[in-house]
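Protein sequences, first through last, are from chains P and V.
Add 361 to the 1-based position in the first sequence for the working numbering, that's all there is to it.
Add 240 to the 1-based position in the second sequence for the working numbering, that's all there is to it.
Do not rely on the hints blindly, as some may be mistaken.
[To be verified] For each label pair, taking beta carbons as the anchor points, the in silico distance ranges come out as: (1) L363/V <-> K374/P: 47 to 57 Å; (2) F365/V <-> H493/P: 20 to 30 Å; (3) S402/P <-> S334/V: 28 to 38 Å; (4) N394/V <-> E423/P: 27 to 37 Å; (5) E556/P <-> S246/V: 50 to 60 Å; (6) L347/V <-> S496/P: 36 to 46 Å; (7) K393/V <-> K545/P: 34 to 44 Å.
Everything labelled a hint here was simulated from the structure, so no lab data went into it.
Just so we're clear, the structure is a prediction, and the values are computed from it rather than from any experiment.
By construction, the Cβ of each residue, glycine as well, lies at the ideal position given by its N, Cα and C atoms.
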Amino acid sequence: MVLVVNNVSKIFKSRSKETVVFNSLNLNIRKGEFLCLIGPSGCGKSTLLNIIAGLEQATEGEVLLEGKVVSDPGPDRIMMFQEAALFPWLKVIDNVIFGLKIAGVKKGEAYKMAERYLHMTHLSQFKNAYIHELSGGMRQRVALARCLCMDAEIMLMDEPFGALDSQTRFILQLELQKIWEATKKTIIFVTHSVEEAVLLSDRIVLMSANPGGIKKIYEINLPRPREVDSDAVVHQMSSVLKDLKEEVGKVAKAEFDTDWCL
Amino acid sequence: MQRLNSILIGVFSKILFYLILILIWETIFQIGVKWLQIWKPYTFPSPAFVLRSLIKLTQSNVLPIAIATSLRRIMIGYTTSIGIGTLIGVLMVSFKFLDKHLSSLVLGLQTLPSICWLPFAILWFGLNENAITFVIAIGSTFAIAMSIESGIKNVNPLFIRAARTMGSKGYKLYRTVIIPAAMPNIVMGLKQAWSFAWRALMAGEMLTATKGLGQVLMWGRDLADISQVMGVMIVIIILGLVVDKLVFSAVEKNIRHKWGLLHR
Chain P
362 MVLVVNNVSK IFKSRSKETV VFNSLNLNIR KGEFLCLIGP SGCGKSTLLN
412 IIAGLEQATE GEVLLEGKVV SDPGPDRIMM FQEAALFPWL KVIDNVIFGL
462 KIAGVKKGEA YKMAERYLHM THLSQFKNAY IHELSGGMRQ RVALARCLCM
512 DAEIMLMDEP FGALDSQTRF ILQLELQKIW EATKKTIIFV THSVEEAVLL
562 SDRIVLMSAN PGGIKKIYEI NLPRPREVDS DAVVHQMSSV LKDLKEEVGK
612 VAKAEFDTDW CL
Chain V
241 MQRLNSILIG VFSKILFYLI LILIWETIFQ IGVKWLQIWK PYTFPSPAFV
291 LRSLIKLTQS NVLPIAIATS LRRIMIGYTT SIGIGTLIGV LMVSFKFLDK
341 HLSSLVLGLQ TLPSICWLPF AILWFGLNEN AITFVIAIGS TFAIAMSIES
391 GIKNVNPLFI RAARTMGSKG YKLYRTVIIP AAMPNIVMGL KQAWSFAWRA
441 LMAGEMLTAT KGLGQVLMWG RDLADISQVM GVMIVIIILG LVVDKLVFSA
491 VEKNIRHKWG LLHR
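Work the whole structure out from these sequences, hints included.
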């Protein structure tokens, strides 16, 4: 176990009420695995990811990274967001080496590493461009290169392809699979898309809402590379989708008018 | 080649614009002063008179000395205000208590014309350079403090989150992310502060100084030489434009280019 989520609870307190996002959540993440978190909106999957990243604090419980309690964000758990979160005042390559510079890597060496990862994400031609000159998909690839450049053991990805069009997303999913196979990082990946989850992951964690928690964990033992239209993938998707639908229905019922049904 | 052409066209259209403006001015002068005689010549100068007066002031070395003096004063006052304003701005961002109470006071102080401080300046520093420096500095400090504060507060939180996961924190986070991200806002504040500083300088010089552009302008008033007054006003405008073009516009253009805010 590289990462252990131990009895973690997250409760948002406001003056009038307490909102329990999830209570006593336990999850063990294996070294080198690709784990997807899915669930209806509001189930706390992004919150869980933020707690693992150290960007948010758990109300109770702890996250252990190789036995050590996580309290701050750190370069050993690099995070990728739905928006690229690139710095507009820096060129592409300077964005990619940002973390390395913070870590004190020498500029020449950092550039060399950045160029390797920009090559891997097919951005070599754009290394001297500014961010606004890139398309959405290219920006997300820069963000991916920036993550990879940090060479962190764990990559946390919060719907990184969520805002992209489907073709771009398809390409990036393929790229990510290749890169993951080549680097064998531990990836925790939040997504709304069951298809994406089945295509990419070793395990899928389905989270429930109100009260939040882990509903079910699926082991996906399908050979790679996986095709969207292969029988095994479709079969797996439908079984996950059935459970997800139930959860989504529950959330919708609580949110919409009472006579709503799925 | 095309680039050169478009620059030339730009310069010509600018010259044309000012020629038309001067022509209109001359026409109004001819109609109002010479023909209808509703205004006296000493209340409304003609472009030719103003030009003659400017040449005269330059030849006697009065204008160059005045420009040099004024620029020196504003540089000292403005630099001081950048230092103090940045300090106040950073303090406001760092301490919640100060942010809550000091920021509204700073806003109030910013609306106060800086010349109101002149009596204090004279009492504290005497009738000298320091009094004028003080008035300039206090005129622009608060604009800088406000821009630093709002610039830092408006930094996209996503930038900070991303930087933190890459191990950036504390002073490094400020240097590598927060300040560059706040830069567009800060430059706007610096620009505004510069214009406040100019106004404070002119007011200060008109009331107390024995040298400088404001003093030359007042001297024109004392001699009832309206052409000199107008001439100095034009010099002030030109200096303001030149500084804006060479410093602030250049910096702004650079930022806009990087951030992709403008495609012109």
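Worksheet item: Which numbered hints does this structure break?
Response: 2
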